[in-house]
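Please dock the two separately framed chains into a single complex, following the hints provided.
Residue numbers (the numbering used here), protein chains in the order written: chain S, 1 to 345; chain U, 346 to 875.
Worth double-checking, as some hints may not be accurate.
What the hints assert, rightly or not - Calculated pairs, DMTMM-like style, for lysine to aspartate or glutamate (alpha carbon to alpha carbon, straight line, at most 20 Å):
#1 U:733 / U:436
#2 S:207 / U:722
#3 U:733 / U:722
#4 S:207 / U:462
#5 S:207 / U:706
#6 U:733 / U:706
#7 S:207 / S:220
Just so you know, the hints here were simulated from the structure itself, not pulled from any lab data.
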Amino acid sequence: MNETLLERIDEKPAPPARRPVWSRIAAATGPATGAIAGIVILTVILAVTQPVFLTWGNITNLVGANSVTLVLALGATFVLLAGGLDLSLVAASAATGMVFGLMLQSGADALPAIAVTLLAGLVFGLLNGVLTSYARIPFLVVTLGTASLFASIALLLNDGKTINVFDFPGFAFVNDFVLGQAFGIPFILMFDIVLIVITAVVLRYTKFGRGIYAVGSNAEAARLNGINVRLTTMLVYVIVGFTAALASLVQVGRLAGAAPTFDATLLLTVIAAVLIGGTAYTGGEGGVGGTVLGVLFLGIIQNGLTLTSVSSFWRGAVNGIVLILAVALGVARQYGWLRFGRKGR
Amino acid sequence: MTTPQPALIRVENLVKRFPGVVALDDVTLEIHAGEVLALTGENGSGKSTLSKIVGGLYQPDGGRILVDGVERRLANPHAALEHGIVLISQELTLAPTLTVAENVLLGRLPRRGGAIDWPETRRRAAEVLAELGVHIDVERRVDSLSVELQQEVEIARAISTRARLLILDEATSSLSEGATLRLLDIVAGLSARGVAVLMITHRMPEIYASCSRAVVLRDGALAGEAPLPSTAEHELVRMMVGRELLDYYGSRVAAPAEVVLEVDRLHTADGALKPVGFQVRAGEVLGVAGLVGSGKAELAMALGGAIPARGEVRVAGRPLRLGSPRRAIAAGVGYVPDDRRREALLPPRSVAENISLAWLDTITRFGFVRVGAERRDVSQVVTDYGVKTSSLDKRITLLSGGNQQKAILGRTFARGCPVYVLNEPTRGVDVGSKSAIYGYIQRLAEKGAAIVLISSELPELIGLSDRVAVFHHGGIRAVVAGADLTEEVLGSYAVSGTRPDEHPSAVISTGAIEPNDTPTSAVSGAGRTR
Ligand SMILES: Nc1ncnc2c1ncn2[C@@H]1O[C@H](COP(=O)(O)OP(=O)(O)OP(=O)(O)O)[C@@H](O)[C@H]1O
Ligand SMILES: [Mg+2]
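Chain U with its partners taken away, still in its complex shape (with noise of 0.2 Å):
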């Protein structure tokens, strides 16, 4: 145990109370310079807390945290920024109002002469961002941004700064594949140089392509340490969830069923989704793959009626008029959308407030909400879904990130829904509880909804789909079934449009000029037992 060299951060016996919970239970740890480290575990299990102690913004109830082998007190960010530690929260911490460029510099921008100087700003600003292959307006407004770039402004603004230790808290669960690359390119690169990154993920595949080492939470206590790559995948998901994880994916038994979701010309005045058309029958789940700016967001929404669109769907046979979400609700679409906090929470009510949401009409007699009945399906839901809180009433922002997915998804999904509309269902959730929320999609399609399911994780989308849907330039640029349903196919037609190879295969491609040619019915994936 003699290490020549004191670690850059050693946390000694944390431990962290909060109301009703033990967040952090006698939890020793060490970061050296130039490792990288993965922190894993359910959610719930204490990571994010664990960060926000490293990084001052929580003070633990115990125990010590030494950096260089020097015992120190992290009273605030801004202490711990001075040991060098770096936080990307969990939670985005933008200043909404302000530009891209100052939030990237925020509290150094560049001075000349008292005077802030502007064009260095920007300049320096899309540098970083430029390093992090995003070219965007860096005088835009944040609140502008779709979530994805505002954590790219996130990580900008971390990886500008001089970091000894930079911690990324669940950084990539809001990026694409191609953008999550990048930032595993520059934290190999941070490594090289001597900086030392903690890395929170629930994605194996992260993991494995950064990390030499896995440190595991559960219930807040240290469930494990291995070494990486030597350790094997499911080894460590033994000790994230406790037990094996058979059947990743689960299974459905689905029978030919009438088309429920008939989509025609649907498209947004701006361009930004193309005139797409398809159907989705009872049973069958339609993936959706494209990258960011591909349209694909803009077909969950236009489907949710979350915005104004054009065209015809039909839900049962029945034209659902778009726009308005509670049109959609009441023609029966589940929709839940990707954005969690701006569009989903409600961050100062309850859980219960939070859950209850979805379906207030149906626990309201004559105006007033039957609270009886309420609790009731509140706890059901709570419970069915592994939804882990101290308390019904505990405000939802205080649960873990993956636990607020729970709470989001198990609202809508307790509605029973014909057809459902999902935008990143599993982000931020745990290994073992995705694998669950698989489930309840696998049990959805079994009891005859039509599942459309917006995912940027391939493996997910494959696992899971009967068909999908590639958007690419705001349409459907192809839809692939069968045994063409590879990540390598996906990808390729997600990129750049074409197929990786010459194959003569399922796929059938879609001019979105000609949205009527409806590709989805040629290659029916219903009846298939999986």
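Extracted from the complex, chain S is given alone in its bound form (with noise of 0.2 Å):
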């Protein structure tokens, strides 16, 4: 080689880089390609193949089918992004959908009966929340104890009975407004709507949101710089005992009863929705926008195996299949495919 001092200082301007299309688009889809990527494709088969798939008729008892795993979603997905879990939730919902079946049954108006529901998944989150973030006990072992401590609640309230409430006085307004619409539009497909932009906006524009992402991207760098690490993740236990609650509402709506006991596939169901949707489950990556669209692609997929009369009892391997495809691509996008382990906190 020549061994005398070359230079070079002439600037060269940065061309733009050139890319496909589609990893274009998978940039600017993010983490939730995959979803999005199936919700097309599944759209485009079951419209062709099925007339009723794309009817109002249909949409909107997809949007009721699904408005319990949505309201459960959206609150697991702020427990996700701390960087948690709560496979409490389910168990949850069903306990506080008993105190409300209670209330009901104890001849109580609608709206104290909805407070006190409210407040029973309120304390329930408490519970949660004290035991991970002050307690410092392992979210797994807390949520899986408390997962069956309130499953048990939920037995022990009218002792393993259903409550049908479709009879007491304080039912009517909840039973219209799950059941209801205005100009076409369901009152549940609103509310849902509401509760997505309500979440939506506590993540991506409060501080609180803000606090959550960074615990659950790096807990001590958040906390270095001020974030109240147990505070915030506490509030996130509180924020999913709350809306297992709401959905305990919608679920007794639709059903006009609450039971004791629940569909053991709605926790996983509400996870993978989750993690479909591209919220990763090491923390502090994804969003509400994300959670619409897993619970959308799982809710699609279940409407498909209903429309084309597939037996029901496939829904667990597919969505199993899914969630471990969806994620494993997440992976993949993100870390190279011979990247290993790579990801440490």
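Shown next, in the form of structure tokens:
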């Protein structure tokens, strides 16, 4: 080689990088790419093969059937973003549903019954929150334990029996709300949209929301920059408790009854929806938009199975496979196929 | 240009693009067996990208790689390893939950009869580490180690493989002077055995001590190449930054001012920091020197509220309740930790969110973040502190290491605190930006901040500090100022706790046991103009 000192000081302006269209789309849609692609593909297939699919009736049906999942998933998004997980949310929802049923049974008006139910949800959430953040017990242990506890409470409240609430005076309001509509638009859809907007705004535009992302990204860095990590963590579980109670109101409203037991696959569906939407299970990344897409995707799958009259027993299998594929795609997208186990926090 | 033997590695016309940036633009270079080549250049000039391509972590968008004159595709780190290419990358890649021994021999754990031979694993790991001068329990989990020790484990892992080309991407940036010297010795040994070493570093003394040639990148392109040591340092620096760097440390005019930070009997319960006391005036920089484990890190963390501590600290006369970062921030302490990854960054978040994190309160009204104000303030920081990024919304971990550091410093400096505690603020930062950061520190002091600067780079301490407190065995061994402020004196106190000679001087030894004998007030550096 030439051993003399050679220099090139001429500055070249960087030409803009050219990338294929699909890769630019993937970059723009971020970690929810998989969910979006899934929704588009399924919608096209179902729209072509099932004429009912795109009817307004089917769409409102889809919304109604997935509202409980959506409400729970919105709460779960908070806790996953903060780097935690709540395994007790479905059990908490069953227990608050029983509280609601009992309140109605006792002849309470709708509003006090709703208030007490929401309060119960807050208390359940507070229990999880205090145990994880202030008592510093690992969240998996805490929420596994409280899942069992809440499931028991749900059974104990009415001796394991379902409460049929249809004839109670307080129920009419809830029933009207959950099943009613105005100008052809179901109230429940409006409710979903309002809840989506509120949670999105809280996460993106409030200091509390920023704190959640910070805690989930790197709790120590958050702490050193003045974020109250314990309070943030605790509140996140309180929010989950609150959404669990909200979901139970919707559920009781739809079924006109409060059941002490619950669908075991619901917890998985909820968490799968959040993860499929691109929220990282390690925290700090993702958001409400992705969760909505995740719920929509799983909802469309379910709807498709029903329309094509495939046994609903397939639901769990399909959800599981979709979840693994979506998360695997996300991991691969982020770290490249050949980088292994490098994510440390 | 005819070489009898093909180069060990030759990269030709390498191009690598990322969204919004050309990280490598037509780079050609060769490394021969036994050569120690320095690769240097500003932050974000593409050094790590080049090393990752050669290490098989990234694929180039253009150009080719020749190993022993034969074109090869290095599809993954494993393929690179098969050609004897070992990369120690800038971000540590250890498995945090495994032990030191497992990490050192990861992927090559010795076996006996199918099962892993644990005694042998421990023995070999300890042996390699001993060669680096590190004596730690190899059974410890890696995540319980300091950054420096983690870096040593990473180096041990690399040198224990049969490398033909060892790439050290800023491997020394988190090492102390002693550890750096030992590593450079090992590099010399490897090179004598015919191993090629590609050293990426921003530290001039290391380049001159070890390398026979330097290649300089600027904005992804080759900016020049220089034989060493025959090329003068200022020439090399000019190639890197494109201009002469005059007045490297800058200067400040500081008037005598009131004491802002008072520390008395500050200590930790575990004894890592024994009671220390000192005062820092407005406009003053107190340097802190010491080896790893000397207590200097604990001092920084205690002042920043990162760890529980006892004793008295007053900021502008008001007592600070220790042990809470939130209270420290409220009292006006701006703390920059040394472990960027672990304590400063939010890895999945954007540049903007990482920066505004430090002052969320000031841009929040009724709980809502004022997004407009946030964008404005963040872009101000990015401009003021020269953070090179293609967008404010880019994930912070996609910035080059030095630019991450500038973002972290910028967010804290922008807060306008009366007291700053800076732990290794220029780690991984290029020469030009270092000089800029020194300038910022001078400006902060000039504006009346009291600054505690903890650094393992003695020239930096000497260039910026009015006084330097040297830590030894958990306490302040001496406070050095004036003509005594030399590498020799500081080094001697740090290593052995004694002066190198017998001259009477402005040095005052303090038994760590008598913390009330506040050494600092005796030697006042205030009012000095440099
Ligand atoms: N994975 C990535 N995605 C997007 N941009 C990247 C990625 N890796 C690097 N870059 C960009 O490429 C440029 C070169 O980065 P690189 O890390 O190679 O710099 P460097 O010379 O190692 O700098 P430093 O001295 O700060 O470590 C930077 O502008 C950086 O932001
Ligand atoms: Mg780099």
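Do the hints match the structure? See the list:
no.	hint	verdict
1	U:733 / U:436	holds, 18 Å
2	S:207 / U:722	holds, 16 Å
3	U:733 / U:722	holds, 16 Å
4	S:207 / U:462	violated, 52 Å
5	S:207 / U:706	holds, 8 Å
6	U:733 / U:706	violated, 26 Å
7	S:207 / S:220	holds, 17 Å
Hint compliance for this structure: hints 4 and 6 are not met, and every other hint is.
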